[in-house]
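> Sequence:
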Amino acid sequence: MQLDRIDYALLDALRKNARLPNKTLAEKVGVAPSTALERVRRLRESGVIQGYHAEIDPQALGIGLQAMISVRLERHARTDVAAFDTYLKTLPEVLSFWHVAGGNDFLVHVAVRDSQRLRDFALDAFTTRKEVAHIETNLIFSFQRNARLPAPPRD
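Residues in the sequence shown are numbered consecutively from 1, following the UniProt record's numbering.
Just so you know, the hints here were simulated from the structure itself, not pulled from any lab data. Just to be clear, a hint being listed does not mean it is correct.
Okay, derived cross-link-like pairs now, BS3-like style, lysine-lysine, Cα gap no bigger than 30 Å in a straight line [claimed, not checked]:
#1 28 to 16
#2 89 to 16
#3 89 to 130
Given only the sequences and the hints, what does the whole structure look like? Please build it.
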């Protein structure tokens with residue numbers, strides 16, 4: 001799907017606040033409400049918009065610590081990568097993860113109650129896996145989602 005400047009403007013506004021009423025969204029972008037509604041529908045149906053999410057205060061859920069755990073696999077066989085990917089999806093402490101290139105194979109964003117739980121989780125969840133060769137844990141002091149979209153490509 002080819003996106004134009006209006007599509008980018010709609011996506012940028014929705015990225016900042018996905019709960020904008022259609023009329024307000026249309027005003028921000030400078031189009032009629034019917035145009036905004038139809039374009040957002042098209043963006044959703046084509047898969048450009050994949051969902052709407054709520055930002056939740058981790059402390060309200062008893063989460064006092066977040067970390068990024070870098071994981072290096074023993075081998076780079078498809079079966080090992082697929083098995084580890086599937087395994088990560090079963091862990092409630094895992095908020096998100098990325099399969100990456102470079103010195104490590106996965107970056108895993110986890111959320112736990114405290115440092116003792118982080119230690120136990122890292123040891124129990126990762127070092128017991130046969131496909132894991134090495135882990136490195138980095139504490140997250142703060143997190144801020146960038147509400148801006150990347151700049152649209154120039155023609």
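> Now tell me if each hint is right for this structure.
Going down the list of hints, with the structure as the test:
Under the criterion of a C-alpha separation no larger than 30 Å, the hint pairing residue 28 with residue 16 is consistent with the structure, at around 12 Å. Taking the CA atoms of residue 89 and residue 16, the gap is about 27 Å. The hint holds against a cut of 30 Å. A distance of roughly 17 Å separates the Cα atoms of residue 89 and residue 130; the hinted pair therefore holds under the 30 Å criterion.
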